[in-house]
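Peer 1: Please build the complete structure, drawing on both the sequences and the hints.
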Amino acid sequence: KKELAPPSGAVKRAPSHDTATSNIAKKEDAAAAAAAPKLKRVNSDPLKDNQKTSPTSFAEPSSGMSSPRLGNRGQSPRGGVPATAALPKRGQVGDASPGSPSKKKAGDQTFHILKVSILSARGLRNADDNFGGTSDPFCVCDIPGKPKSRFQTKVVWQQTEPIWNLEVEMSGVSPTDCLRFNVYDKDTFSSKDLLGKVELPHHKFIHNGFSGEVRLLETSGGTAMSVESYLNLQISPIRTFFGDPKTTKCTVKKLSEGGYIKTGDKDAPKLIVTLVGARYGLSDPYCVCEVPGKPFSRILTPVVQDRLDPEWNYTREICDWEPGDSLSFAVFDKDYGKKDDLLGRATLAAERIYP
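Letter 189 of the sequence shown, counting from 1, is numbered 189 in our numbering, and no numbers are missing.
A few of these clues could be false.
[Claimed, not checked] In the DSSO-like style, the derived pairs of lysine-lysine whose C-alpha atoms are separated by at most 27 Å in a straight line are:
#1 Lys192 to Lys154
#2 Lys115 to Lys334
#3 Lys204 to Lys253
#4 Lys154 to Lys270
#5 Lys334 to Lys154
#6 Lys204 to Lys246
#7 Lys246 to Lys148
#8 Lys254 to Lys115
#9 Lys246 to Lys105
[Stated by the list, open to error] Here are the computed distance ranges between Cβ atoms for each label pair:
#10 Ser326 to Glu228: 32 to 38 Å
#11 Gln305 to Pro269: 23 to 29 Å
#12 Gly293 to Asp187: 17 to 23 Å
#13 Gly107 to Thr251: 19 to 25 Å
#14 His202 to Asp340: 25 to 31 Å
#15 Arg307 to Lys338: 19 to 25 Å
#16 Ser191 to Glu161: 21 to 27 Å
Everything labelled a hint here was simulated from the structure, so no lab data went into it. Every residue gets a Cβ at the ideal spot worked out from N, C-alpha and C, and that includes glycine.
Peer 2: Shown next, in the form of structure tokens:
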């Protein structure tokens with residue numbers, strides 16, 4: 001019986017072994033507590049701690065040390081979120097809030113989207129005077145150094161005061177770009193003649209837009225007489241965006257032309273008008289035809305010099321005409337240096353035109 005009983009010393013040493021083990025655990029806890037200032041607060045019990053503080057912060061282990069409570073995988077003992085997780089801040093990548101602005105990357109620059117409208121011109125030189133006709137003007141716009149930015153209006157035949165009403169959307173415009181406008185006379189059997197040109201610097205339109213007339217330069221066309229010509233423009237900023245200057249190209253999209261939206265309806269009726277002539281006294285007459293209330297539909301015949309019975313035989317399509325529209329006609333005497341004199345008016349009712 002004495003041999004089977006444990007030594008009295010062993011029985012007394014067992015409590016001291018447990019005490020030593022407990023002391024070791026306390027030392028480890030003390031070491032962890034000493035390292036606690038280097039760590040952020042750990043939410044070991046999200047359900048309980050969320051009642052005390054909000055929002056919950058997550059621990060970020062310092063280099064070269066792992067917490068004995070979190071383990072090597074950086075997780076809480078109760079299966080919480082990883083200690084290395086971080087919540088994204090508002091406005092940074094990952095923010096799903098609507099309306100967040102596009103972010104500028106390294107090397108990106110600001111580009112603009114503009115609405116450019118070439119409306120009309122007045123006082124253009126008659127480049128076909130030697131041939132008994134009138135200029136057939138059209139306007140070309142582009143950004144110097146950007147060939148993809150080029151666009152042009154249609155040709156308005158026999159007119160020194162054309163109305164184009166061309167509207168385009170131009171994208172990829174740099175803050176330092178200028179807009180260049182050249183007005184030409186369309187010649188069938190020779191090269192085009194320059195009727196005038198102008199460059200609009202970027203500070204005139206890039207922020208607040210531009211609306212009004214600009215005076216054309218180089219309007220003489222190689223002749224001894226220079227005329228005073230103006231181009232009517234409207235430029236409106238739409239929005240800005242960030243882009244890589246190496247890959248962002250300038251593009252142009254046509255919105256409307258001639259005062260009406262292009263619908264592509266090939267079956268819509270078209271109105272062709274021929275202004276044949278008139279009978280009146282000695283003058284320099286020309287005729288104007290338009291749809292009342294639609295100035296974009298206006299057409300003008302050439303001026304016939306010193307004729308009693310002028311013959312124009314001028315045929316054009318009336319833009320913006322619709323079934324039910326009437327036509328208004330006016331004949332003027334061309335007076336150089338003062339306002340033209342009205343010689344007479346006439347109206348053609350809609351029921352006499354179509355159907």
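Peer 1: Among all the numbered hints in the text so far, which are the ones the structure does not match?
Peer 2: 2, 11, 12, 14
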